[in-house]
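Each residue of the sequence shown is one higher than the one before, counting from 26 in the numbering used here.
These aren't lab readings, by the way, just hints derived from the structure by calculation. In this text the structure is predicted, and so the values were computed from the model without any measurement. One should not assume that every hint holds.
Stated by the list, open to error - Taking lysine-lysine pairs in the DSSO-like style, the calculated list, with each CA pair at most 27 angstroms apart, reads:
#1 LYS119 x LYS180
#2 LYS180 x LYS203
#3 LYS126 x LYS203
#4 LYS180 x LYS190
#5 LYS134 x LYS203
#6 LYS180 x LYS126
#7 LYS134 x LYS180
#8 LYS190 x LYS203
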Amino acid sequence: AASRGLAVVVMEPLRGGQLAQPLPAAVEAVWNRSAVRTGSVDRALQWLWNQPDVATVLSGMSSFEQVRQNLDSAERSRPHSLSDVERALYIEAKAAYDGLKPIPCTQCKYCLPCPNGVDVPRSLQLYNEATVYRHLAGSQRTYRLFFPAEQHADKCQRCGECEAKCPQHIAIMDWLPKVDRLLGSPKRA
Numbered sequence: 026a027a028s029r030g031l032a033v034v035v036m037e038p039l040r041g042g043q044l045a046q047p048l049p050a051a052v053e054a055v056w057n058r059s060a061v062r063t064g065s066v067d068r069a070l071q072w073l074w075n076q077p078d079v080a081t082v083l084s085g086m087s088s089f090e091q092v093r094q095n096l097d098s099a100e101r102s103r104p105h106s107l108s109d110v111e112r113a114l115y116i117e118a119k120a121a122y123d124g125l126k127p128i129p130c131t132q133c134k135y136c137l138p139c140p141n142g143v144d145v146p147r148s149l150q151l152y153n154e155a156t157v158y159r160h161l162a163g164s165q166r167t168y169r170l171f172f173p174a175e176q177h178a179d180k181c182q183r184c185g186e187c188e189a190k191c192p193q194h195i196a197i198m199d200w201l202p203k204v205d206r207l208l209g210s211p212k213r214a
């Protein structure tokens, strides 16, 4: 977008608040090696503002304290301001988060379309988010309220088409019942 003269606007820079939660131990271990002492919210925002193409960051805030923290972070930010060492730590932190995902789905969508209508990548993504970010209630809410029932994991008929197309060789038919047990309706959960 920026190469075409369009402004880049980032929404949900904290992944719906997930990056504001206490860090998993593996990620915290990465940041403990940093010379920069700051919180996870500031780190996420600084990474975005380090990108020269980002014009605006739309961060949801629910308190004046969060507004103040975000403004403080913005005032200290500049494109290309992160050192090589800090940028390397961001790459390590992302790898640590990725390593926590129980399902190694890359969201490539090769598994689609499912003949039974299951949105396989989104189902696996919500399961991973619930697990990695300890965000079970939010993932359940998204799955139950904003995810069409005809795309739910319980619609899987174990035909195997998705697994045959998956470049990650994920045992999708084994994971979908687990997704539905964790995220599905209260009577199934």
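Structure-based check of all given hints:
| no. | hint | in the structure |
| --- | --- | --- |
| 1 | LYS119 x LYS180 | violated (32 angstroms) |
| 2 | LYS180 x LYS203 | holds (13 angstroms) |
| 3 | LYS126 x LYS203 | holds (14 angstroms) |
| 4 | LYS180 x LYS190 | holds (18 angstroms) |
| 5 | LYS134 x LYS203 | holds (20 angstroms) |
| 6 | LYS180 x LYS126 | holds (23 angstroms) |
| 7 | LYS134 x LYS180 | holds (18 angstroms) |
| 8 | LYS190 x LYS203 | holds (20 angstroms) |
Violation of the numbered hints given earlier is confined to hint 1; every other hint is satisfied by the structure.
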